[in-house]
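Asks: Read off the chains here:
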Amino acid sequence: MNSFKRILLVEDSPRDAELALDALAANHLANEVVHVRDGADALDYLYRRGPFADRSNGEPAVVLLDLKMPKVDGLEVLRQMKSDPQLKVIPVVVMTSSREEGDLLRSYELGVNAYVVKPVRFGAFVDAVKQVGAFWAVTNEPPPGSLRSSERPRS
Amino acid sequence: MKPTRTHQLIAGFALALGLLGAAALLQSRQTVRADETAALVARTHEVQAHLNRLQSLVLEVATGARSFVLTGEPMFLKPFEANLEAVAEQQRSVEQLIFFDEQKADLRVLEPLIARRIAVSRRIVELRQNAGFEAARQAVTSGEGEALTDAIRTQLARMEVTQQTLLDQRSAASLGEGRKTVLLTIGATGLSVALFIAVLTLAMRENRLRQRTQLQLDRFFTLSLDVLCIAGMDGYFKRVNPAFNQTLGYTTDELVARPFLDFVHPDDRAATLAEVEKLSCGVPTISFENRYQCQDGSWRWLSWKAQPVAEEGVVYCTGRDITERKEADAEIAQLTADLQQRAAQLKEANKELESFSYSVSHDLRAPLRHVHGYVEMLHRATDGQLSENAQRYLKTITDASVEMGQLIDDLLAFSRMGRTEMKQTQVRLDELVQETIGGLEMASTGRTIVWETAPLPSVLGDPSMLKQVLANLVGNALKYSRMRDPARIEIGCTGEEDGRVILFVRDNGAGFDMQYAHKLFGVFQRLHRAEEFEGTGIGLATVRRIVARHGGRVWAEGAVNEGATFYFTLKPAPSA
Numbered sequence: 000m001n002s003f004k005r006i007l008l009v010e011d012s013p014r015d016a017e018l019a020l021d022a023l024a025a026n027h028l029a030n031e032v033v034h035v036r037d038g039a040d041a042l043d044y045l046y047r048r049g050p051f052a053d054r055s056n057g058e059p060a061v062v063l064l065d066l067k068m069p070k071v072d073g074l075e076v077l078r079q080m081k082s083d084p085q086l087k088v089i090p091v092v093v094m095t096s097s098r099e100e101g102d103l104l105r106s107y108e109l110g111v112n113a114y115v116v117k118p119v120r121f122g123a124f125v126d127a128v129k130q131v132g133a134f135w136a137v138t139n140e141p142p143p144g145s146l147r148s149s150e151r152p153r154s
Numbered sequence: 000m001k002p003t004r005t006h007q008l009i010a011g012f013a014l015a016l017g018l019l020g021a022a023a024l025l026q027s028r029q030t031v032r033a034d035e036t037a038a039l040v041a042r043t044h045e046v047q048a049h050l051n052r053l054q055s056l057v058l059e060v061a062t063g064a065r066s067f068v069l070t071g072e073p074m075f076l077k078p079f080e081a082n083l084e085a086v087a088e089q090q091r092s093v094e095q096l097i098f099f100d101e102q103k104a105d106l107r108v109l110e111p112l113i114a115r116r117i118a119v120s121r122r123i124v125e126l127r128q129n130a131g132f133e134a135a136r137q138a139v140t141s142g143e144g145e146a147l148t149d150a151i152r153t154q155l156a157r158m159e160v161t162q163q164t165l166l167d168q169r170s171a172a173s174l175g176e177g178r179k180t181v182l183l184t185i186g187a188t189g190l191s192v193a194l195f196i197a198v199l200t201l202a203m204r205e206n207r208l209r210q211r212t213q214l215q216l217d218r219f220f221t222l223s224l225d226v227l228c229i230a231g232m233d234g235y236f237k238r239v240n241p242a243f244n245q246t247l248g249y250t251t252d253e254l255v256a257r258p259f260l261d262f263v264h265p266d267d268r269a270a271t272l273a274e275v276e277k278l279s280c281g282v283p284t285i286s287f288e289n290r291y292q293c294q295d296g297s298w299r300w301l302s303w304k305a306q307p308v309a310e311e312g313v314v315y316c317t318g319r320d321i322t323e324r325k326e327a328d329a330e331i332a333q334l335t336a337d338l339q340q341r342a343a344q345l346k347e348a349n350k351e352l353e354s355f356s357y358s359v360s361h362d363l364r365a366p367l368r369h370v371h372g373y374v375e376m377l378h379r380a381t382d383g384q385l386s387e388n389a390q391r392y393l394k395t396i397t398d399a400s401v402e403m404g405q406l407i408d409d410l411l412a413f414s415r416m417g418r419t420e421m422k423q424t425q426v427r428l429d430e431l432v433q434e435t436i437g438g439l440e441m442a443s444t445g446r447t448i449v450w451e452t453a454p455l456p457s458v459l460g461d462p463s464m465l466k467q468v469l470a471n472l473v474g475n476a477l478k479y480s481r482m483r484d485p486a487r488i489e490i491g492c493t494g495e496e497d498g499r500v501i502l503f504v505r506d507n508g509a510g511f512d513m514q515y516a517h518k519l520f521g522v523f524q525r526l527h528r529a530e531e532f533e534g535t536g537i538g539l540a541t542v543r544r545i546v547a548r549h550g551g552r553v554w555a556e557g558a559v560n561e562g563a564t565f566y567f568t569l570k571p572a573p574s575a
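Quick mapping for you: the protein sequence lines, in order, are chains A and B.
Going by numbering that gives the first Met the number 0, the residue at position 68 of the first sequence is 67; the numbering climbs one at a time, nothing skipped.
Going by numbering that gives the first Met the number 0, the residue at position 312 of the second sequence is 311; the numbering climbs one at a time, nothing skipped.
For reference, chain A alone in the conformation it holds in the complex (with noise of 0.2 Å):
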């Protein structure tokens, strides 16, 4: 069986994190995804603030981010973790329903892994999020100091 390695998902949609969530279950790549609802969370995850102080150890494989969300967005998100020495080494794919050029552009600039449109049909969609989740959660090699859910210690 296959180690798999914690995923944060960063989604403000509750619909969106369930239809990311199914489909992540669908394909068995479930069992540590941690999600939060805005960017701010998701800062205060990766920095171990507030509600986050004293969770568990590692860092996430793989950061799946929606790039329109309330108080901060995605990309001040990205911004942040690429330019902090510790977080930059994290892959980020940034999932959103925009294909905008300029949010293309910046998230690229701002040294984004991977780009995902989210696709309207649901098909797609699942086909995605599994490719997504399969790839940067299994296959990919994280960076020294990931957490690999197998080795995650039992409480």
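Just so you know, not all the hints are guaranteed correct.
Restricting the straight-line Cα-Cα distance to at most 30 Å, the calculated cross-link-like pairs of lysine-lysine (BS3-like) are [as the list claims (entries may be wrong)]:
id, chain 1, residue 1, chain 2, residue 2
1, B, Lys350, A, Lys81
2, A, Lys67, B, Lys325
3, B, Lys350, B, Lys277
4, B, Lys346, A, Lys70
5, B, Lys570, B, Lys346
Hints were generated in silico from the structure; no laboratory data involved.
Got chain A sorted already, so can you dock chain B onto it with the hints?
Replies: Here is chain B on its own, set in the frame of chain A:
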């Protein structure tokens, strides 16, 4: 420094005067010399007269002596004694009168001769008195006295000759000098007269030229469209040209009666005064603008150029009426401001549109995805327990959401086409067509399609936009010729229109009714029902928008079931 015409004239004049002076000097010297010569002649004649007298006196002395010898009469002795006195007197006179060395030498020879002759006569007289007649007669006949008399006569003759010769020489010299002087005087006078004439002619010509130049300047002064004036340092106009009167509407008298500052707009007076101050310090005005009041109360803008002339105490000014330009400038400034405001508004609107379409892109698609996703999950959750009808409903919901997703995408693309920056490069249509056909391979699999592509020219435009045009048109041709076997799609070029090449895409498909042709290129306008041919009705609107942004136009020809031809025009790329 180059000598001016005036300098030349003065030099010529001075030279002529100098020559005249020299001639006068020569003439006066010659007159003095002529007087001297005349005096000399007179003196010579006087000397000659004295000599003649001397000769006759000597003869008379001899004759007196002889007469006494013959007669023994003492009465003859009286004139003898008297004549001796006269001889001595004549000799003194001659001595005083002569001045040439030759004459003096001659006189020195003559005087002893005369003295000896007188001595001879005296001895004879004494012999007659003391020794008697015979002794005296012998002395007389001895011939001694006669010989001396001859010698005296000869010497006197020689002296006359000497004297005449000297006189002739002097006269000749004087005459020669006189001739030379006359010639020189005539020459100098003639030359100076010629010079005077030349100088006068030149001066007159110069004067005529000046007069003509003055006349020309005056004509220009009168003709000028620009206002011209000479202003005094006292703040009054000295002279104004007719353009001044025409521009401002005042008479010359009115203009010169008041200080010119009175006519200047109150707001411009300080600046005008400052400019006048500079002019009075000798700084010329290159460009200065102020407003002058017209007779009717209106204001005219004048642009000035001025040159102060200190020695005349005036300023020469030329001014141009720039009122219209000023008004045009103001209008342009107003228009520019309006335009800038409008551009700002447009930019704002564009930004709003941008964020609007961003929201559409993001927020409108999300619910659709949710509808689609939850239907799918419902489908999975019920896992075949639903009735066939219920399943069909779910499928319809899915189809509808997909369709709407497509609509949103097309609409966003269409809106982007109008906004994105356009590149302008050379585009090889041949290559673009091949790429487009290659890209539509999926849609054409399993069908028999005859492609007829003619060689196409290169055009100027945005490659990605033009590719969109071809993709839409060729895509349509493929779609609407679906029921044909074989489908025939032709892509070519047919002539020119307004310097643009006409390109076309033709198919043998469903075609359309020409009476609805105007609806073809409208957004969301469709001529076919969705069940026949899928589509959002945005493709051709996008084509029209792109071609229009390239400055060209699109149109279509067709007939129901007889295929359709879509034309569009593009600017050809410059060859080479």
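Asks: For each hint, tell me whether it holds in the structure or not.
Replies: Hints, one by one, checked against the model:
1. B:Lys350 with A:Lys81: 28 Å, holds
2. A:Lys67 with B:Lys325: Status violated; Cα separation ~54 Å.
3. B:Lys350 with B:Lys277: Given pair Lys350 (chain B), Lys277 (chain B) is violated - Cα atoms ~54 Å apart, limit 30 Å.
4. B:Lys346 with A:Lys70: Between Lys346 (chain B) and Lys70 (chain A) the Cα gap is close to 27 Å, so the pair holds against 30 Å.
5. B:Lys570 with B:Lys346: 29 Å, holds
Hints 2, 3 from the list above are not met by this structure, while the remaining hints are.
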